[in-house]
Amino acid sequence: MLSLREGSIIVVTLLVAVYFSLNTSSFLTSANFKTLLPYFAPFAIMASGVVFVMILGEIDLSIGATYLFAPFLFYKLAHAGLPLVPAVIVALIACMAVGLVNGFFTAVVGISSFVATLGMLFALEGFTLIISHGEPVETPGAQVTTSTHNVVHVINGVHVTLPTTVNHISTFARIFGAGVYSELIWALLVVAILQTVLTFTRWGLYTVAVGSNKLGAAEAGVRVRLVMMRNFVLCASTAGLVGILEAVRASSVQPDPAGANEILFEAIAAAVIGGTLMTGGSGTVVGALIGALFLGILHDGLILQGVNANYLLFYLGLAIILAMTVNVYVQRVRRGAGHD
Amino acid sequence: MTEQMPDDVLRVENIAKRFGPVTALRDVNLHLRKGEVLGLLGDNGAGKSTLIKILSGFQKQDSGEMFVHGQPYAPRSVDAARASGIETVYQDLALIDELSVYHNLFLRREKVHRPLPFLANREMKRQAREALDEIGINIPRIDVAVARLSGGQRQAIAVARTANSDADILLLDEPLAAMGAKEGSMILDLVARLKQEGRVSIIMILHNYVHVLQACDRVSMIQDGAIALDKPTAETSVEELTEIVVNEYRRARQQNAAQH
Numbered sequence: 051m052l053s054l055r056e057g058s059i060i061v062v063t064l065l066v067a068v069y070f071s072l073n074t075s076s077f078l079t080s081a082n083f084k085t086l087l088p089y090f091a092p093f094a095i096m097a098s099g100v101v102f103v104m105i106l107g108e109i110d111l112s113i114g115a116t117y118l119f120a121p122f123l124f125y126k127l128a129h130a131g132l133p134l135v136p137a138v139i140v141a142l143i144a145c146m147a148v149g150l151v152n153g154f155f156t157a158v159v160g161i162s163s164f165v166a167t168l169g170m171l172f173a174l175e176g177f178t179l180i181i182s183h184g185e186p187v188e189t190p191g192a193q194v195t196t197s198t199h200n201v202v203h204v205i206n207g208v209h210v211t212l213p214t215t216v217n218h219i220s221t222f223a224r225i226f227g228a229g230v231y232s233e234l235i236w237a238l239l240v241v242a243i244l245q246t247v248l249t250f251t252r253w254g255l256y257t258v259a260v261g262s263n264k265l266g267a268a269e270a271g272v273r274v275r276l277v278m279m280r281n282f283v284l285c286a287s288t289a290g291l292v293g294i295l296e297a298v299r300a301s302s303v304q305p306d307p308a309g310a311n312e313i314l315f316e317a318i319a320a321a322v323i324g325g326t327l328m329t330g331g332s333g334t335v336v337g338a339l340i341g342a343l344f345l346g347i348l349h350d351g352l353i354l355q356g357v358n359a360n361y362l363l364f365y366l367g368l369a370i371i372l373a374m375t376v377n378v379y380v381q382r383v384r385r386g387a388g389h390d
Numbered sequence: 443m444t445e446q447m448p449d450d451v452l453r454v455e456n457i458a459k460r461f462g463p464v465t466a467l468r469d470v471n472l473h474l475r476k477g478e479v480l481g482l483l484g485d486n487g488a489g490k491s492t493l494i495k496i497l498s499g500f501q502k503q504d505s506g507e508m509f510v511h512g513q514p515y516a517p518r519s520v521d522a523a524r525a526s527g528i529e530t531v532y533q534d535l536a537l538i539d540e541l542s543v544y545h546n547l548f549l550r551r552e553k554v555h556r557p558l559p560f561l562a563n564r565e566m567k568r569q570a571r572e573a574l575d576e577i578g579i580n581i582p583r584i585d586v587a588v589a590r591l592s593g594g595q596r597q598a599i600a601v602a603r604t605a606n607s608d609a610d611i612l613l614l615d616e617p618l619a620a621m622g623a624k625e626g627s628m629i630l631d632l633v634a635r636l637k638q639e640g641r642v643s644i645i646m647i648l649h650n651y652v653h654v655l656q657a658c659d660r661v662s663m664i665q666d667g668a669i670a671l672d673k674p675t676a677e678t679s680v681e682e683l684t685e686i687v688v689n690e691y692r693r694a695r696q697q698n699a700a701q702h
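Quick note, the sequences are listed as chains A and B, same order. Each residue of the first sequence is one higher than the one before, starting from 51 at the first, in our numbering. Each residue of the second sequence is one higher than the one before, starting from 443 at the first, in our numbering.
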C-alpha cells in the first residue's frame, strides 16, 4: 500500500550508498553502520511526526524547541523524586500539551501554523533556558559507571588473567537511547506504527482528507479541528521522545537553541526528501525514514571521505539539491512509463 | 404559511440568514413530500446554496424553524444532519482529490475490522463496486484517486455517495454544473432511478428550466431571499419560469434607476 512516491528517493539513496562504498573502504563496515545510526535514527522519528503535520499542509517549527525542552523537564521531574519511567511519560505528556497549543492556535484560532509554531519555538526555547538557568545537566538514569574485573583469557593454550574495564549502563538507559541499537529500534517501531496509522486507519484517511480539501472534508463531516490538533500533538510527542533519547544517549544535555533548530531543519528536510509535499495532501512515513537515511549516509560518507569540516555543510547542501534534482527526474521517467 | 401536509418529510418555516451586511435569506418557506423530487431555482446569489448549507447542518440559520418527519430539526453539525437522514452533494463536491474513489464513497462512514481500528479496504471496495453498478455508474477503477476522473464521473460519485447512505432526504446542489450533455443525462437518469425506488426524497438546485421540467415533480423559485413561486412542474412551463425571472430583473433595474 506504500505509494510509489518514495520509490525514487530509495533509488537515489542506494546510488549514494554505492558511491561511498566504492570510494571509501570503511563505509560498508558494521562499525560504520553503528556510527551512522545517530545520524539518522533520531531524524527518522521526528520526521515521522512532521509528516503528519505536513500532509495537513501545515508546518511545525517548534519541534526543535520541544526536542530541547523534553529532557530538561525530564531532569526536573526525576530530581523532584519521580521514578525514571513515569518522569519520561510526564515529560512526553507535557510535549503533547505543547502540540495541543500549536494545534489550538492553528486549527481553532486560525493563525497560520508557520507563525504559531514560530512563536512556540521562541517561547519554549526561552522557557527551557529559564528552567535550566542556561546550565547543562546530566541526564538522570544515564550515567555510565565503570568497574574493573579480572578476566581470564586463553591465548595459545595458556591461561592469562588480565584486568578489564567494563562499562555499566542501566537497563533504563539501554532502552531509552544509550543502547547501540536503541534509537534504531525506536525509529523502526515509530515508523512502522505511524505508517500503519497513516495508511490503514481513519486517523490517516482524515489527515489526507483535511490536507487535500479542508472545506470538502468539513462538508463531508470530518472534524477538521480535531484532526489537525491531534496531528500537532503527535508531532510534538515524537520530538519530545527524540529529545529524551538523545539526552540519554549523550548522558548529558546542553540548553543549546541553535543546535535544536538545526535538528528541526534536518527533520523537515528528511520528510521533504522522503516525498512529503510542502503543500499538503500527500506524504509517507517510510519516505521520511528513507529521507533521514539519505541525509545520514551523506553526512557520514562525506566525513569518511575526509572532507574538511569547513566544507562539510557546503557539500551537504549541494548534495541535497543534486539528489532532489535526480529524484525529480527519476519520478518523471517513471510517470512517463505510466507507473505513477 | 406552508400548508400542513401529513406526508411532508421536510418543512422549512420562515428561515432567515444574514452574513454581515448581506441578507442571503429573508424569509424562506419550503416543504418536501415523500418520494418527491423538488427543483430549486433562483438567480445567482438568490440564496439557494445558503439554504442547502443550512439544511445540511453546515451553517445555522439566524431565525426560523425546520422539521423533519414532523419533528423539530436543528442540526448542530453535518454529522447531526446525517443522523436525521439528510445527505448533501455540494456544488464544490466535497470530494477529496487525493483519496481513492471508494474512500470518497465511504468518507465518514468507513468500515473497519472491529474491534481493531484498521480500515476494511477490501470490503469497502466490494461494496463501492456494487453500489456503483447498481446505480449504473461506470468507473473503470475504483482504487484510483478521484483527481484523475472527469467532472461527470466526480459528480456521479458525489451523488452515489449520498445514494449509498441510509439517508431518506437528498440535497443536490447544482448536480449538472460543469458537465457535458451526455454526463448530465447520466446524472438525471440516476436521479430518476432513485425516485423510482421511492425510498428517498430529493431537493435539487438546477439552472436549466428544461432539466427542471424533465426531472422534477415540483418547482420552487427563490428570489431575493424568499420563495417567489411554488408549483407542480405539470402546471408551469419554461415560459412562465422565464417570465418571473425577467420581471424580477426589470423590477431590480427600475429600483436601481430610481435610486440613482
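No wet-lab data here; the hints were simulated from the structure. Be aware that a few hints might be false.
Label-pair restraints from in silico Cβ distances [to be verified]:
1) B:555 with A:202: 53 to 63 Å
2) A:253 with B:580: 27 to 37 Å
3) A:213 with B:555: 55 to 65 Å
4) B:519 with A:246: 20 to 30 Å
5) A:242 with B:565: 21 to 31 Å
6) A:65 with B:639: 53 to 63 Å
7) A:375 with B:639: 22 to 32 Å
8) B:686 with A:159: 12 to 22 Å
9) B:608 with A:143: 50 to 60 Å
10) A:301 with B:565: 35 to 45 Å
11) B:622 with A:139: 38 to 48 Å
12) A:72 with B:624: 40 to 50 Å
13) A:246 with B:512: 42 to 52 Å
Below 27 Å or equal to it, Euclidean Cα-Cα: the simulated DSS-like pairs (lysine-lysine) are [as the list claims (entries may be wrong)]:
14) B:553 with B:673
15) B:624 with B:502
16) A:264 with B:673
17) B:637 with A:264
18) B:637 with B:624
19) B:567 with B:476
20) B:567 with B:553
21) B:502 with B:476
22) B:476 with A:264
Rough simulated footprint, nothing fancy, chain A against chain B, three-plus residues with beta-carbon under 8 Å [unchecked claim]:
23) 509 to 523
24) 547 to 555
25) 668 to 678
26) 692 to 698
Beta carbons are placed, not taken as given, at the ideal position from N, Cα and C, and that holds for glycine.
Here's how the hints hold up against the structure:
1. B:555 with A:202: 53 to 63 Å: holds, 57 Å
2. A:253 with B:580: 27 to 37 Å: Roughly 33 Å apart at Cβ, these two residues keep to the hinted range, so it holds.
3. A:213 with B:555: 55 to 65 Å: Given range 55 to 65 Å: holds, Cβ gap about 59 Å.
4. B:519 with A:246: 20 to 30 Å: holds, 29 Å
5. A:242 with B:565: 21 to 31 Å: holds, 24 Å
6. A:65 with B:639: 53 to 63 Å: holds, 58 Å
7. A:375 with B:639: 22 to 32 Å: With Cβ atoms ~56 Å apart, the hint is violated.
8. B:686 with A:159: 12 to 22 Å: violated, 46 Å
9. B:608 with A:143: 50 to 60 Å: The hinted range 50 to 60 Å is violated for residue 608 of chain B and residue 143 of chain A, with Cβ atoms some 40 Å apart.
10. A:301 with B:565: 35 to 45 Å: 51 Å Cβ-Cβ, so the 35 to 45 Å window is violated.
11. B:622 with A:139: 38 to 48 Å: violated, 59 Å
12. A:72 with B:624: 40 to 50 Å: violated, 59 Å
13. A:246 with B:512: 42 to 52 Å: For residue 246 of chain A and residue 512 of chain B the Cβ distance comes to about 47 Å; the hint holds.
14. B:553 with B:673: Measuring from Cα to Cα gives roughly 42 Å; hence the hint is violated.
15. B:624 with B:502: violated, 36 Å
16. A:264 with B:673: violated, 38 Å
17. B:637 with A:264: violated, 32 Å
18. B:637 with B:624: holds, 20 Å
19. B:567 with B:476: Violated: residue 567 of chain B and residue 476 of chain B sit about 31 Å apart, past 27 Å.
20. B:567 with B:553: Roughly 10 Å separates the two Cα atoms, so the pair holds.
21. B:502 with B:476: holds, 24 Å
22. B:476 with A:264: It is violated: about 33 Å lies between the C-alpha atoms, which goes past 27 Å.
23. 509 to 523: This one holds; 3 residues, not fewer than the three required, reach chain A with a Cβ under 8 Å.
24. 547 to 555: holds (count 4)
25. 668 to 678: violated (count 0)
26. 692 to 698: Coverage by chain A is violated for the stretch 692 to 698 of chain B (0 residues, Cβ < 8 Å).
Hint compliance for this structure: hints 7, 8, 9, 10, 11, 12, 14, 15, 16, 17, 19, 22, 25, 26 are not met, and every other hint is.
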